[in-house]
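Using the sequences and the hints given, assemble the complete structure.
The chain contents come next:
Protein chains: 4
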Amino acid sequence: MQKHYECIKACLECVEACNVCFDKCLSEEDVNMMKECIRLDRECADICAFAAQAMMRNSQFAQQICQLCADICESCGNECQKHDHDHCQKCAEACFKCADECRRMAA
Amino acid sequence: MQKHYECIKACLECVEACNVCFDKCLSEEDVNMMKECIRLDRECADICAFAAQAMMRNSQFAQQICQLCADICESCGNECQKHDHDHCQKCAEACFKCADECRRMAA
Amino acid sequence: MQKHYECIKACLECVEACNVCFDKCLSEEDVNMMKECIRLDRECADICAFAAQAMMRNSQFAQQICQLCADICESCGNECQKHDHDHCQKCAEACFKCADECRRMAA
Amino acid sequence: MQKHYECIKACLECVEACNVCFDKCLSEEDVNMMKECIRLDRECADICAFAAQAMMRNSQFAQQICQLCADICESCGNECQKHDHDHCQKCAEACFKCADECRRMAA
Chain X
1 MQKHYECIKA
11 CLECVEACNV
21 CFDKCLSEED
31 VNMMKECIRL
41 DRECADICAF
51 AAQAMMRNSQ
61 FAQQICQLCA
71 DICESCGNEC
81 QKHDHDHCQK
91 CAEACFKCAD
101 ECRRMAA
Chain V
108 MQKHYECIKA
118 CLECVEACNV
128 CFDKCLSEED
138 VNMMKECIRL
148 DRECADICAF
158 AAQAMMRNSQ
168 FAQQICQLCA
178 DICESCGNEC
188 QKHDHDHCQK
198 CAEACFKCAD
208 ECRRMAA
Chain L
215 MQKHYECIKA
225 CLECVEACNV
235 CFDKCLSEED
245 VNMMKECIRL
255 DRECADICAF
265 AAQAMMRNSQ
275 FAQQICQLCA
285 DICESCGNEC
295 QKHDHDHCQK
305 CAEACFKCAD
315 ECRRMAA
Chain B
322 MQKHYECIKA
332 CLECVEACNV
342 CFDKCLSEED
352 VNMMKECIRL
362 DRECADICAF
372 AAQAMMRNSQ
382 FAQQICQLCA
392 DICESCGNEC
402 QKHDHDHCQK
412 CAEACFKCAD
422 ECRRMAA
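Chains as they are written, first to last, in my numbering: chain X, 1 to 107; chain V, 108 to 214; chain L, 215 to 321; chain B, 322 to 428.
Hints are computed from structural coordinates only; laboratory data are not their basis. Everything hinted at is true.
Beta-carbon label-pair distances, calculated as ranges:
1) V:D191 - L:Q274: 20 to 30 Å
2) B:D405 - V:H192: 42 to 52 Å
3) L:Q295 - V:D137: 52 to 62 Å
4) X:E6 - V:E136: 38 to 48 Å
5) L:Q274 - B:K330: 30 to 40 Å
6) V:D191 - B:E350: 49 to 59 Å
7) V:D137 - B:S348: 49 to 59 Å
8) V:M140 - L:N246: 51 to 61 Å
In silico BS3-like links for lysine-lysine, alpha-carbon gap of 30 Å or less:
9) X:K3 - B:K356
10) L:K249 - B:K418
11) B:K356 - L:K304
12) L:K217 - X:K35
13) V:K189 - B:K324
14) V:K204 - B:K324
15) V:K116 - B:K356
Quick partial rundown of chain V residues pointing at chain B, CB under 10 Å, derived from the structure:
16) D130
17) L133
18) D148
19) A161
20) M163
All values derive from a computational prediction rather than experimental measurement. All residues carry an ideal CB built from backbone N, CA and C; glycine is no exception.
Following this line, the structure appears as structure tokens:
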């Protein structure tokens with residue numbers, strides 16, 4: 001099995017949750033309330049995709065990248081959990097799970 | 108000089124214009140009006156960065172990637188030019204310039 | 215369930231197979247024989263990650279991106295299947311699977 | 322003028338130098354000697370593109386991303402400067418320039 005399997009899986013699930021949340025936030029009736037969420041969803045999807053690929057290719061920088069990824073995931077999760085929308089709550093959960101796995105991987 | 112120099116330059120300028128427009132749209136007082144712009148700014152920044160890198164590394168798929176890039180740039184430019192904000196007008200200009208260069212490159 | 219679930223899954227598995235193959239090709243004793251594989255693994259990982267994210271966020275360009283992705287996957291699969299290494303054979307399989315799913319999605 | 326203009330410029334020049342070096346390393350007669358260079362060129366191109374886009378869109382994580390980028394640029398520069406090829410020497414120069422700008426930005 002791929003090294004760092006659990007962390008890669010958590011990153012890919014977070015990429016998906018963040019992209020879904022980005023799309024749905026932009027389709028909400030009141031987008032004004034969702035602007036921090038939209039911004040952070042993009043940041044978080046991008047760094048999680050980057051971290052997953054770094055682990056997959058056995059990058060020597062994978063731990064440092066995961067450390068950064070954990071910080072961005074936590075910020076995104078903190079913002080998402082403020083909103084009641086189902087996509088935000090799911091995204092927050094995926095972000096916190098990914099932050100945990102990335103911290104464990106980077107330790 | 109790098110092959111496809113003009114097209115790479117247009118792509119990088121479009122990456123910048125789209126990222127600036129994304130950030131500023133999300134800081135406007137009424138984000139609701141800007142949602143298509145925000146969505147397309149992200150799409151367009153990502154494909155332009157991808158196309159630029161493909162040309163830089165002499166990818167055998169560079170022409171196909173530029174063809175797709177031209178279509179996305181045109182859509183983004185069409186949306187941005189509807190809005191009076193300076194960042195949208197500048198972004199539209201960068202998008203149309205990039206669409207032209209990418210079509211020429213792909214031809 | 216996420217729209218395009220099967221295609222997203224095939225893209226993410228291909229991202230992983232291509233990154234693993236990239237890493238292992240660069241660790242082979244004779245890298246000279248693997249150079250086209252290395253080059254295509256990078257192209258293919260990048261477009262598959264891009265296509266997966268485009269589908270996740272419901273991009274209006276997802277079909278065009280998947281069409282391009284199918285072409286790149288097929289080229290990468292054709293190169294990888296020439297080599298007996300286990301990582302190349304697995305990568306070829308993931309590439310052809312992804313090419314199929316992307317063609318179906320783009321149709 | 323765009324905030325962080327000099328750092329964005331250094332990142333984009335480094336993306337280009339690394340992609341050119343990646344392509345040319347894979348076209349050298351003896352690829353075996355270039356494998357660390359190939360690996361690091363990809364890492365470095367990707368993080369520099371990521372850092373540039375983060376600065377362009379005024380990301381709240383831009384400083385942390387630039388700190389990581391500086392470390393990767395330095396590693397890539399150290400590897401590239403071992404090789405006499407013109408593309409490696411140019412890449413090393415772009416990497417060290419970018420590392421400097423990223424450290425200044427992150428400070």
